[in-house]
Amino acid sequence: MFEHRQLDMANGFIEELRWRGLLHDSMPGVEEHLAKGPQRGYIGFDPTADSLHVGNLVQIMILVHFQRCGHKPVALVGGATGMVGDPSGKSAERNLLDEEALRHNERCIKAQLERFLDFNSPTNAAELVNNYDWFKDMGFLRFIREVGKHITVNYMLAKDSVKNRLETGLSFTEFSYQLVQGFDFYWLYKNKECVLQMGGSDQWGNITTGTELIRRMDGGEAFAITTPLLTKSDGSKFGKSEGGNIWLDAARTSPYKFYQFWLNATDDEAARFAKIFTHWTQAECDALIEAHAKDPGRRSLQKEVAAFITTLVHGKVETGSAIRASEILFSNASDGLAQLSEQQLLEVFEGVPQAEVQKSVLSSGIAIIDLLTDHTGFLPSKGEAKRALKESSIAINRAKVADDRSVTTTDLLNGKFLLLQRGKKNYFLVKIVG
RNA sequence: GGGGAGAUACCCAAGCGGCCAACGGGGGCAGACUGUAAAUCUGCUGGCUCACGCCUUCGUAGGUUCGAAUCCUGCUCUCCCCA
Numbered sequence: 004m005f006e007h008r009q010l011d012m013a014n015g016f017i018e019e020l021r022w023r024g025l026l027h028d029s030m031p032g033v034e035e036h037l038a039k040g041p042q043r044g045y046i047g048f049d050p051t052a053d054s055l056h057v058g059n060l061v062q063i064m065i066l067v068h069f070q071r072c073g074h075k076p077v078a079l080v081g082g083a084t085g086m087v088g089d090p091s092g093k094s095a096e097r098n099l100l101d102e103e104a105l106r107h108n109e110r111c112i113k114a115q116l117e118r119f120l121d122f123n124s125p126t127n128a129a130e131l132v133n134n135y136d137w138f139k140d141m142g143f144l145r146f147i148r149e150v151g152k153h154i155t156v157n158y159m160l161a162k163d164s165v166k167n168r169l170e171t172g173l174s175f176t177e178f179s180y181q182l183v184q185g186f187d188f189y190w191l192y193k194n195k196e197c198v199l200q201m202g203g204s205d206q207w208g209n210i211t212t213g214t215e216l217i218r219r220m221d222g223g224e225a226f227a228i229t230t231p232l233l234t235k236s237d238g239s240k241f242g243k244s245e246g247g248n249i250w251l252d253a254a255r256t257s258p259y260k261f262y263q264f265w266l267n268a269t270d271d272e273a274a275r276f277a278k279i280f281t282h283w284t285q286a287e288c289d290a291l292i293e294a295h296a297k298d299p300g301r302r303s304l305q306k307e308v309a310a311f312i313t314t315l316v317h318g319k320v321e322t323g324s325a326i327r328a329s330e331i332l333f334s335n336a337s338d339g340l341a342q343l344s345e346q347q348l349l350e351v352f353e354g355v356p357q358a359e360v361q362k363s364v365l366s367s368g369i370a371i372i373d374l375l376t377d378h379t380g381f382l383p384s385k386g387e388a389k390r391a392l393k394e395s396s397i398a399i400n401r402a403k404v405a406d407d408r409s410v411t412t413t414d415l416l417n418g419k420f421l422l423l424q425r426g427k428k429n430y431f432l433v434k435i436v437g
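In this note's numbering, the protein residues as written are 4 to 437.
No lab work stands behind these hints, which were simulated from the structure alone. Cβ coordinates follow ideal geometry from the N, Cα and C atoms, glycine included.
Beta-carbon label-pair distances, calculated as ranges:
hint : residue 1 : residue 2 : range
1    : 294       : 232       : 27 to 33 Å
2    : 110       : 363       : 43 to 49 Å
3    : 107       : 377       : 34 to 40 Å
4    : 35        : 231       : 18 to 24 Å
5    : 380       : 41        : 52 to 58 Å
6    : 436       : 231       : 46 to 52 Å
7    : 294       : 339       : 22 to 28 Å
8    : 333       : 139       : 49 to 55 Å
9    : 298       : 406       : 35 to 41 Å
10   : 232       : 110       : 26 to 32 Å
11   : 157       : 123       : 44 to 50 Å
12   : 393       : 415       : 22 to 28 Å
13   : 232       : 380       : 36 to 42 Å
Think about it this way: if two alpha-carbon atoms lie no more than 27 Å apart in a straight line, the pair counts; the simulated BS3-like pairs of lysine-lysine are:
hint : residue 1 : residue 2
14   : 434       : 419
15   : 419       : 260
16   : 434       : 362
17   : 403       : 260
18   : 403       : 389
19   : 260       : 434
20   : 193       : 162
21   : 278       : 319
22   : 385       : 427
23   : 434       : 393
24   : 428       : 306
25   : 427       : 319
26   : 139       : 152
27   : 319       : 113
28   : 419       : 389
29   : 260       : 427
30   : 393       : 403
31   : 419       : 403
32   : 393       : 427
33   : 260       : 113
34   : 260       : 428
35   : 427       : 403
36   : 260       : 278
37   : 362       : 389
38   : 193       : 152
39   : 113       : 193
40   : 362       : 403
Throw the hints in and build the complete structure from the sequences for me.
Shown next, in the form of structure tokens:
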């Protein structure tokens, strides 16, 4: 996965971010500083769940691009900061997780990051740190003496993340957050020669508290770079889908769903995604975008992008299955299903909701309504099932059915499966047992 | 502490004794169109029933009434104004 060529460093990381549309703001002097040679830069990840999601993917890719430009990326898992809660972009006080949950989340996140970054490079290996390591023995008194002393409350109040919450209120804990994160930066600067922190644009305030601390505590110079917050074409938040978050963990979001998420990007989004989430060069991106523009109906760009990212996250094998599943489920030919072996069928529908039904239920034929509700739970109520049937949105094995349809063993695929479908995108696999 | 306003289905928001399972908008789902798109148009959006209809739902607990989301009382919570 890491066989890609290193980019020409003269070309520069900042320039790379710029054409990829990933540069929102940066402190003067960063470009020159990075040009001096390999540098360390870090991004923090909140261990609020035991998996990262596509919303985090932007930051991950920043580190990836950073490493590909020859620098040393540091991923910080916020074991300590996760216990405090960042007020940035939040309208209400955050719930705190207990330590046990945080430890678990942190381990899972670490495993996911290892898929993207090269931790074994002889020249610029990525590094993973956990701020809990330097905070766990830090007492309150020591913190306010050594760190708090250097930053005025006036300075802290001026941050947007704090200002926006003064009306509704925020706890002292959240108020202190920027100092805690700022100290992270100081610590990494001091112990790891890390001179750059990156993050989403909502992190600007927290990052600059860090550079300020470094200057005041040590007279040192450090830098900040932020990326724009990604939104969908319709303005809504990126990374959410009907079912909620799109996770990187296959157990939470199946590779099929993950692939579909990217495939469903609008033309405009796909072009942006190509630049942000792939390793393609500018010329390669332009060529693909141009090719797509000539025949947008083929959605070649969405397919390329989806395949690339899914491979990065889930690997080649899973991606192949996701692509095949998509082709079968969305091709107009309905005969593809019958050709599948049991093995393939199960592969294709991994991640699709499933239920088991006793064979005896089908032996004398069962009304479609009962199958959809009582026996499988695919639809929540009979009323809903009737409505769906009236809309002619229900299909069995990809063939539309009417409300008087009854289902028997002759409908089974491979003698033991039944594919229920509502609309174009909602599938449900019934497995016959007994 | 005093005064006032309010709590309605996923969200916003009408209704203010029967015609209310509850206007309208948003969201969601589906159909047509299409590129598994966008835009647009259409339908649906508490449960059970083939259906007449029945049941549950308008903060909560009671009450008045033939009949209440609508009136009365207690309670809980939210917001605003004055101290």
